[in-house]
Amino acid sequence: MILATGDLTDDGTPPQYATSVTPWPPSPRGSSRYPGNHDEGPAFRLAFADLLPSDVATDHCSYVVDRFPVRLVGLDTTLPGRHDGRFDSVREGWLDQTLSADDRPTVVFTHFPLSKPA
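In terms of the working numbering, the sequence shown opens at residue 18 and continues consecutively.
Among these hints, one or two may not hold up.
[As the list claims (entries may be wrong)] Label-pair restraints from in silico Cβ distances:
(1) Q114 with P32: 30 to 40 angstroms
(2) S44 with A66: 18 to 28 angstroms
(3) D119 with T30: 34 to 44 angstroms
(4) R103 with D28: 18 to 28 angstroms
(5) T36 with D113: 20 to 30 angstroms
(6) L116 with L20: 23 to 33 angstroms
(7) V87 with P32: 33 to 43 angstroms
(8) S106 with P42: 30 to 40 angstroms
(9) S48 with D72: 28 to 38 angstroms
(10) A35 with Q114: 12 to 22 angstroms
(11) V87 with A35: 17 to 27 angstroms
(12) D72 with S106: 12 to 22 angstroms
(13) P86 with W41: 21 to 31 angstroms
Simulated from the structure, these hints should not be mistaken for lab results. All values derive from a computational prediction rather than experimental measurement. From the three backbone atoms N, C-alpha and C, an ideal C-beta is built for every residue, glycine too.
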């Protein structure tokens with residue numbers, strides 16, 4: 018599985034997304050893309066609409082890859098128009114609900130650390 022945890026573009030413009038949606042090298046397990054602070058949420062969703070699951074979170078682009086014995090949970094901690102991230106109560110609630118829905122081993126990944134910067 019190839020996981021991209023953000024910054025698939027420099028500033029989220031349509032030409033940059035056109036380049037970033039070019040197929041990646043084949044992977045027998047597939048690939049998933051998650052936004053970083055250089056990716057703009059609506060443009061990211063539009064560019065990767067064919068690759069995102071239908072149940073992607075509506076107020077942030079977090080989702081689960083559920084095709085393996087280990088679940089992969091991508092947590093979108095980006096903030097629109099900013100270069101820092103946040104693990105806020107909305108994302109915490111989504112993550113709590115997601116983790117409690119299944120007891121399989123789970124890997125959670127983000128673009129930004131979950132802790133506050135020093």
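Hints, verified against the model:
Here the CB-CB span from Q114 to P32 is close to 37 angstroms, well matched to the stated 30 to 40 angstroms. For the pair S44 and A66, the supplied restraint of 18 to 28 angstroms holds, since their beta-carbon distance comes to about 20 angstroms. A hinted range of 34 to 44 angstroms for the beta carbons of D119 and T30 is consistent with their spacing of about 37 angstroms. For R103 and D28, the hinted distance range of 18 to 28 angstroms is satisfied, since their beta carbons lie about 20 angstroms from each other.
At roughly 36 angstroms, the beta carbons of T36 and D113 sit outside the given window of 20 to 30 angstroms. Checking the proposed 23 to 33 angstroms range against L116 and L20 shows it is violated: the Cβ atoms sit about 18 angstroms from each other. At roughly 36 angstroms, the beta carbons of V87 and P32 sit within the given window of 33 to 43 angstroms. Separated by about 39 angstroms at the C-beta atoms, S106 and P42 satisfy the suggested range of 30 to 40 angstroms.
Under the hint 28 to 38 angstroms, the C-beta atoms of S48 and D72, about 18 angstroms apart, miss the expected range. In this structure the supplied range 12 to 22 angstroms is violated for A35 paired with Q114, their Cβ-Cβ distance being about 35 angstroms. A hinted range of 17 to 27 angstroms for the beta carbons of V87 and A35 is inconsistent with their spacing of about 33 angstroms. Here the CB-CB span from D72 to S106 is close to 20 angstroms, well matched to the stated 12 to 22 angstroms.
P86 and W41 have their C-beta atoms about 23 angstroms apart, which keeps the hinted 21 to 31 angstroms range intact.
When held up to the earlier numbered hints, the structure conflicts with 5, 6, 9, 10 and 11 and fits the remainder.
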